[in-house]
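J.: Use the sequences and the hints to build the structure in full.
These protein sequence lines map, in sequence, to chains R and D. According to our numbering, the residues represented by the first sequence are 106 to 213, in order. According to our numbering, the residues represented by the second sequence are -5 to 107, in order.
Treat the hints loosely; a few may be bogus.
Only pairs whose alpha carbons sit at most 25 Å apart, straight line, appear in this in silico SDA-like list of lysine to any residue [claimed, not checked]: (1) D:K77 <-> R:G146; (2) D:K51 <-> R:Q147; (3) R:K205 <-> R:N150.
Hints in this document: simulated from the structure, not taken from any laboratory.
Chain by chain, the residues:
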Amino acid sequence: GIQVEQSPPDLILQEGANSTLRCNFSDSVNNLQWFHQNPWGQLINLFYIPSGTKQNGRLSATTVATERYSLLYISSSQTTDSGVYFCAVRGGSEKLVFGKGTKLTVNP
Amino acid sequence: EPEVTQTPSHQVTQMGQEVILRCVPISNHLYFYWYRQILGQKVEFLVSFYNNEISEKSEIFDDQFSVERPDGSNFTLKIRSTKLEDSAMYFCASTSGLVGELFFGEGSRLTVL
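T.: This is the structure we're talking about:
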């Protein structure tokens, strides 16, 4: 099945810093989503981005489907950005396959 | 904005007991899913459901698990005889089409003692 690799596994930032999270996948996809899992365990939809670029406030994402990767940019990070960021993709089957996530800690 | 709702948010049960987790998907969605996440691990696919039948399931989804859409709105996951290793967060999700965005509920945390 399709493989999803996220990097880095852990990231520690000072408030105000920028960061880039990466998601590599092993096959062509028709769906790619980024999620933020908050401290209460809830999965928050950030982007649905099988290709192209999207922006939402301080967050933006780019997916280059032909090269099988996606990037999530966080600018001017805040302590509330802390949590785990998951990339998930769907290829030939119905299921969304998740990566192991990037744990982000933003210190004040 | 429409959302997927799950109940209960947290359930504690004794090993061997039956548990039913409930979900109300977004009303015009056609594809429904259950995922689980053991503490500290990644989110894993359990089962997908379309047109009143299971369309795909993972190795985790063994005979102890079942899903049902008993009416036009609810989608349930039943675990017949819970084990300690069933302790996890269970997420329900729905989507309108095979290539569309999946929307997740807030999760049901199951603790098996």
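J.: Are the hints correct? Go through all of them and say.
T.: Now for the hints, and whether the structure bears them out:
1. With a CA separation close to 22 Å, the supplied pair K77 of chain D and G146 of chain R stays within the 25 Å bound.
2. For a cut-off of 25 Å, the pair hint linking K51 of chain D to Q147 of chain R stands: about 23 Å separates their Cα positions.
3. Our distance criterion of 25 Å between C-alpha atoms is met by K205 of chain R and N150 of chain R, whose separation comes to about 16 Å.
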